[in-house]
Amino acid sequence: MKEAAAHEQFIRSFFHEYDCPILSDEDGRLVIQLTDKMDEALMNRPFYWHYIKKMGRQGDPMSLTLITNPDLSEEKGEYIHSGSPRLRQLYSFLQDNCRFTKLYEAVTITDQQSPLVPWLVTNLRISYFGKQKKDELLSIGLNLIHGTLVPSFMERIENYPLETTISDFTFPMTPLIRIPSGYQRIVSYVHNHIESQDRTWASQAMEALHEEKQLLSAFFKEENEEDRKLLEQELEALKGRFTPKVTVDVINGGLFYFSQTTTNQIII
Amino acid sequence: MEILLDEKYGEQLAKEAANPDAISSWNQFKLTYQAAKASSVPYFEGLVALSHLPHIDFLPHQKEAAEEIIHQMQGRAILADEVGLGKTIEAGLVLKEYLIRGMVNKVLILTPASLVNQWVTELHEKFYIQAYAPRKNPAWKDADIMVTSIDMAKKDPHYSEILSIPYDLIIIDEAHKLKNPATKNYQFVKALQKKYCLLLTATPIQNRITDIFNLVSILKPGYLGDLSSFKKEYGKKMGNLDGNLHLKKLISKVMIRNRRQDTGLADTKRMVKTEWIEFSEEEQQVYEKLETIKGTHPSFTYLTLAKELCSSREACYLSSKQMYDKLGDPENTGPLHDLISGVEQLPHHAKAKRMVEIIQQSDEKFIVFTEYRASQYYLQWYLQQHGISSVPFRGGFKRSKKDWMKQLFRDHAQVMIATEAAGEGINLQFCRNMINYDLPWNPMRLEQRIGRIHRFGQEKNVQIYNFAIKNTIEEHILNLLYDKISLFENAIGELDHILEDLDIKDLGHEIEAIYSESSSYGEAKIKLNNLASVISSHSEAERRSSS
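Protein chains in written order, with my numbering: chain S, 1 to 268; chain U, 1 to 547.
Source of the hints: derived by calculation from the structure; they are not laboratory data. Cβ coordinates follow ideal geometry from the N, Cα and C atoms, glycine included. Certain hints may be false.
[Said to hold, decoys possible] Among chain S residues calculated to face chain U with C-beta under 10 Å, some are:
| id | residue |
| --- | --- |
| 1 | A5 |
| 2 | E8 |
| 3 | C20 |
| 4 | P46 |
| 5 | W49 |
| 6 | S82 |
| 7 | Q95 |
| 8 | C98 |
| 9 | K131 |
Chain S with its partners taken away, still in its complex shape:
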């Protein structure tokens, strides 16, 4: 199962990242010891933690048994699959807690001082609402020295080692483009991107809206107060269902510093 393996990998890295030891890991069955902090974030027992803190006592964080192997899904523990509540909880935990970063490429330089080039990275989710809805993810990097814009940025930098602290013998260059105006450049790139997409979905939605509106006005002929109210309400609902629109949400973003060599590799 490809999907199960992906979930398993995700869970391992997640809890590793948040310092929760994995007590056992066999056959798609993981037992994880939570820390106080993660128990508070995930286990939904605010009264317990409130009480513990008030009494000044040592909390007893729980352990989690997560099962990714579908053959074991009947066993004790939480079965993890694409829609499982726990997985969604971890997703939204990340979404809430990891919106910003500032990272430096880890380089080993022994003698002279080398500069690191600043990049603004923004990951976005574009949602297209027509009769139906779909999402598109964009990852954009903007070089804050000379303004080069690179799409699919995350895919390009995935494997570079990055740290929250700067390596010895390196120094960050001061951006020539300020972050807010860099972000504005990304915004206009996103606008252009949306404008250049196939618009069939939007015109189909407009068509449907038009048709439904006609039906409605044929139905509510009589001009009494109640009918007018209902008509208005129905029209409002129609607009909500069929008016094409696009929303853009920022997933996360940050200031990234890469060595000159890496910068050159990314741009190519």
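Given the coordinates of chain S, assemble chain U onto it according to the supplied hints.
Chain U only, in chain S's frame:
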């Protein structure tokens, strides 16, 4: 076209980049991106929910229904599958899909009060959807997904609060109850603010063709024109198929109706056995005594008492005693008095004995349906005398009591004894035996009963026993209605179709009327025969024209 975009993020990032607490590690940053990818739906088409619910084996017709509702009908539809094909599952799947895609947040589910808990449980256990049933002071605005009864919702102060909320999705279960636009319920539902809307019913056209007009008007006002022109075109003669074809086509764009025969769900069979029972001599004598009151009392009285006597002496005793007390009979000589004293001396009821025999031969679970409360008490007592455990079930029970009884039946008792009103909504597919201790006048109600156990999730063949006492009114009902119309061999749901075509509103009433309006037995028999042959010839014609 409108594009909504977070304009402020640049400023925020500039500020937070200097705040070490807000900084996430490289791995956390990557995981967040990975999570966003996993929770995005990159295409308009298809059902994402299926991969989110790997533990449910959706049947093909259920997947198709959900897909059609979302993609062809744009989320406004009548879901009119026959009983037991999983309308709730389909509605749950639609809801899940909308939630995953982020198209729906605020949801209101209206069901009969007895089904509220079942909906909440099913959404939670099957679909991982957290829904709430309102308690005393419901927070309509706060809870995203609420399940409640129309009766509660339409009461103030809930009424005005609910109407002020713009719902993304409204689901109405047992929607056939909304067929009358003059009722408060209908107007309430019509006034709700809704983007998407599902109406669930096994009988979209219960009595007349305008029922469907009224349902569609909730979903898509104007779709079938206005009422007067609709009536003009379709209201009168239903036999004309050419006229109907157009309407059928129109309706198929807003309604999904799967029939058992099209779904391949006929894997588990229903075996129907008629149990002919003979009255003991004493019982037969009392039954004949009953005939004598025909002359002195309205025929309705006779009908009632005869049916009751066929059920239990308790049922018959109770109402004849009531009638007697009301009439007054100082000399104690009237036929009712004779009847009562006869009933008092009867031994155990022939049907009850047969019931115990059948149950004793098996260690499986049984559900027994009776028409009368008095018989229900009696049967429970009688079973207990034979060491058989049973639980009662009535429409009048509170929600929690119903759940509890169902659980007791599943985990402990061998028998559930239910009265009619229990027929709707409760699912007992863990039981495969049903005894129809009394047969209802209206065969449609029998269908509802059988649907409780012969439904999605039933893994074995279903055994139905229909009890009827020879040489009584029950024999006539059974012969004429159930055998001639051969309801059980036909696909279920066909009958409602036929009745609607024949413009028969309520078969039960029709039959009762025939009985009480006929002056003799022979006359009633002839009239019933006529009715039965009209129905069965119509059903044959229907079958021929559809094949």
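- Message: Run through the hints listed earlier and report the numbers of any the structure violates, in increasing order.
- Response: 1, 2, 3, 4 and 5
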